[in-house]
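Novice: Okay, here's what each chain looks like letter by letter:
Protein chains: 2
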Amino acid sequence: MNGLSCGTSNIVGVRFAVYPMADNFVEIIKGALKEVDTSKVWVQTDDITTCVRGRSEHVFDVAKAVFIQAAKTGTHVVFNGTFSVGCPGDSEGDTYMSEDDIRLNEEASRQESVEAATHFALYPMDNPDYMQVIADQVKTAEKHGTFTKGVHYASRLDGTANEIFASLEEMFVDASKTKERAHVTMTATISANSPSTKDN
Amino acid sequence: MNGLSCGTSNIVGVRFAVYPMADNFVEIIKGALKEVDTSKVWVQTDDITTCVRGRSEHVFDVAKAVFIQAAKTGTHVVFNGTFSVGCPGDSEGDTYMSEDDIRLNEEASRQESVEAATHFALYPMDNPDYMQVIADQVKTAEKHGTFTKGVHYASRLDGTANEIFASLEEMFVDASKTKERAHVTMTATISANSPSTKDN
Ligand SMILES: [Ca+2]
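Heads up: the sequence lines are chains A and B, in that order.
So for the first sequence, the numbering used here puts the first residue at 1; every next one is plus one.
So for the second sequence, the numbering used here puts the first residue at 1; every next one is plus one.
In short, the hints are calculated from the structure, not lab data.
Don't take every hint at face value.
[What the hints assert, rightly or not] Result set (EDC-like, lysine to aspartate or glutamate): computed pairs, CA atoms no more than 16 Å apart in a straight line:
#	chain 1	residue 1	chain 2	residue 2
1	A	K179	B	D126
2	A	K177	A	D129
3	A	K139	A	E169
4	B	K198	A	D46
5	A	K149	B	D47
6	A	K149	B	D129
7	B	K143	B	D126
8	B	K143	B	E163
9	A	K139	A	E115
10	B	K143	B	E112
11	A	K30	A	D47
12	A	K198	A	D158
13	A	K198	B	D46
14	B	K198	A	D47
15	A	K177	A	D126
16	B	K177	B	E142
17	A	K139	A	D158
18	A	K139	A	E106
19	B	K198	B	D158
20	B	K30	B	D47
21	B	K139	B	D126
22	A	K198	B	D47
23	B	K143	B	D158
24	B	K149	A	D199
25	A	K149	A	D199
26	B	K179	B	D126
27	B	K179	B	D129
28	B	K149	A	D174
29	B	K179	A	E170
30	B	K34	B	E57
[To be verified] Here are some chain B residues the structure puts well away from chain A; computed CB gaps all over 10 Å:
#	residue
31	M97
32	S98
33	E107
34	E170
35	S191
36	S196
Just so we're clear, the structure is a prediction, and the values are computed from it rather than from any experiment.
Backbone N, C-alpha and C fix where the C-beta goes; we use that ideal spot for every residue, glycine too.
All chains, please: the whole structure from these sequences, using the hints.
Specialist: Structural data, given as structure tokens:
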């Protein structure tokens, strides 16, 4: 693929970054990464973002853990990422698909109660019913109690980081099952410790 | 639409945030906004992101200007946003579609030479040929000299912020013309003044 590399159909990936709004942002990011076990995922970091790939549960486990470990410092921290599954393309990192399903960071993440606010958007590709797929998945967040409202181009979730990531993961995984070998992406902007008044 | 509000078919929007990695991030953001003329676009800011909607040229003009005005401080600043056109939905902000095409911030933006690095991804919705649409648009960035390489789930651009936004705008607008009333979104993570070594 010219200009766009993806993955095999069942590998899940996220390309993301965590932004601590502080002079010591490098220290906060490095500190967070030191707390996170990434041994069950393929990881590559460059000067713009980090890409994590593997089984769905480990991709979400690692993304959540990095955000929570950075946000627990109390600094205003934002996670921004795009999750992807089913993108036609190469197979680098396939070896991680044979890992078991035990999440390595869940216990540590559960110990932190970080309040967060999120805008997310689901993009089911090549699917004429995509608006219905999105509407159906929003019902999952309503059921979880994390859904706050629709905004232009996105939906808003509020809750703890653990609750928000649980909603995002369930919506993403369920959306990927609406079609054979579905290619689905999901953007998420997750903010903690913002000095702005919550708009919910 | 339950949980997802969009726009009329020809209105363009971007939902974005600019992240200055500094203790005085509020001051940097407010300072940048003070330099940007937003009188030709609909703007709404909450505690997570800012949404700008209107004619394509003004949406890109304002997004670029906010990023450049924040990045010219020399602080490590990242712009993260999703551009959207053709999303079925409401019509709030339609009044801005009657503005002329003179960009209010282009002159000020042109005066700054901010080096930047970008990951972007195009999502042409409900289109079986979407991978070809993406590949075709990447050729535009190659022609501009901004394209660096494909990475998992995205493509990398390098250049000045002015060059990068020109490529993003052309690719986005051209992709939106590949189909009648096309719904296309484009994510972009644009980084300036990063302390990390460029991976290009
Ligand atoms: Ca994004």
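Novice: All hints are to be evaluated individually against the structure, with a verdict given for each.
Specialist: Status of the hints after comparison with the structure:
As the CA atoms of K179 of chain A and D126 of chain B are separated by approximately 13 Å, the hinted pair is consistent with the 16 Å bound. For a cut-off of 16 Å, the pair hint linking K177 of chain A to D129 of chain A stands: about 13 Å separates their Cα positions. Between K139 of chain A and E169 of chain A, the direct Cα distance comes to roughly 14 Å. Compliance with the 16 Å bound is thereby established for this hinted pair. Simply put, K198 of chain B and D46 of chain A have alpha-carbon atoms about 7 Å apart, close enough for the 16 Å limit, and the pair holds.
Taking the CA atoms of K149 of chain A and D47 of chain B, the gap is about 14 Å. The hint holds against a cut of 16 Å. Simply put, K149 of chain A and D129 of chain B have alpha-carbon atoms about 32 Å apart, too far for the 16 Å limit, and the pair is violated. Straight-line distance between C-alpha atoms of K143 of chain B and D126 of chain B comes to about 27 Å, which puts the hinted pair past the 16 Å bound. For the hint pairing K143 of chain B with E163 of chain B, the CA-to-CA distance comes to about 12 Å; that is within 16 Å, so the pair holds.
Restraint check for K139 of chain A and E115 of chain A: the C-alpha separation of about 21 Å exceeds 16 Å, so the hint is violated. A threshold of 16 Å between alpha carbons decides the hint, and for K143 of chain B with E112 of chain B the separation of about 23 Å lies outside it, so the pair is violated. Proposed proximity of K30 of chain A and D47 of chain A is supported: the alpha carbons are some 14 Å apart, at most 16 Å. Restraint check for K198 of chain A and D158 of chain A: satisfied, since their Cα atoms lie roughly 9 Å apart, inside the 16 Å limit.
A hinted pair counts as satisfied when its Cα atoms are at most 16 Å apart, and K198 of chain A with D46 of chain B qualifies at roughly 8 Å. For a cut-off of 16 Å, the pair hint linking K198 of chain B to D47 of chain A stands: about 6 Å separates their Cα positions. For the suggested pair K177 of chain A and D126 of chain A, the alpha carbons sit about 14 Å apart, so the restraint of at most 16 Å is met. About 19 Å separates the Cα atoms of K177 of chain B and E142 of chain B, which puts this hinted pair outside 16 Å; it is violated.
This hinted pair checks out: K139 of chain A and D158 of chain A have alpha carbons roughly 15 Å apart, not beyond 16 Å. At roughly 25 Å between alpha-carbon atoms, K139 of chain A and E106 of chain A are farther apart than 16 Å, so this suggested pair is violated. A threshold of 16 Å between alpha carbons decides the hint, and for K198 of chain B with D158 of chain B the separation of about 9 Å falls inside it, so the pair holds. Of the supplied pair hints, the one linking K30 of chain B and D47 of chain B holds, its CA atoms being roughly 14 Å apart against a limit of 16 Å.
Under the criterion of a C-alpha separation no larger than 16 Å, the hint pairing K139 of chain B with D126 of chain B is inconsistent with the structure, at around 22 Å. Note on K198 of chain A and D47 of chain B: the hinted pairing holds, with a Cα-Cα distance of about 6 Å set against a maximum of 16 Å. A C-alpha spacing of about 13 Å is found between K143 of chain B and D158 of chain B, which places the hinted pair at or below 16 Å, so the restraint holds. Taking the CA atoms of K149 of chain B and D199 of chain A, the gap is near 39 Å; set against the 16 Å cutoff, the hint is violated.
At most 16 Å may separate the alpha-carbon atoms for a hinted pair to count; K149 of chain A and D199 of chain A meet this at roughly 10 Å. Only pairs whose Cα atoms come within 16 Å are accepted, and K179 of chain B paired with D126 of chain B is accepted, the gap being roughly 10 Å. Straight-line distance between C-alpha atoms of K179 of chain B and D129 of chain B comes to about 10 Å, which keeps the hinted pair within the 16 Å bound. Between K149 of chain B and D174 of chain A, the direct Cα distance comes to roughly 32 Å. Violation of the 16 Å bound is thereby established for this hinted pair.
The hinted pair formed by K179 of chain B and E170 of chain A fails the criterion: a straight-line CA distance of about 32 Å is larger than 16 Å. Only pairs whose Cα atoms come within 16 Å are accepted, and K34 of chain B paired with E57 of chain B is rejected, the gap being roughly 20 Å. At roughly 15 Å from the closest C-beta of chain A, the C-beta of M97 of chain B stays outside 10 Å, upholding its exclusion from the interface. No beta-carbon of chain A is positioned within 10 Å of the beta-carbon of S98 of chain B; the least distance is around 19 Å.
The Cβ of E107 of chain B lies farther than 10 Å from every Cβ of chain A, with a closest approach of about 28 Å, so its non-interface assignment holds. Look at E170 of chain B: its CB is around 15 Å from the nearest CB on chain A, clear of 10 Å, so calling it non-interface holds up. Distance to chain A contradicts S191 of chain B as a non-interface residue, since its nearest Cβ pair spans about 5 Å, not more than 10 Å. Taking the minimum C-beta to C-beta distance to chain A, about 4 Å, the non-interface status of S196 of chain B is violated against the 10 Å cut.
Checked against the numbered hints listed earlier, the structure breaks hints 6, 7, 9, 10, 16, 18, 21, 24, 28, 29, 30, 35, 36; every other hint is satisfied.
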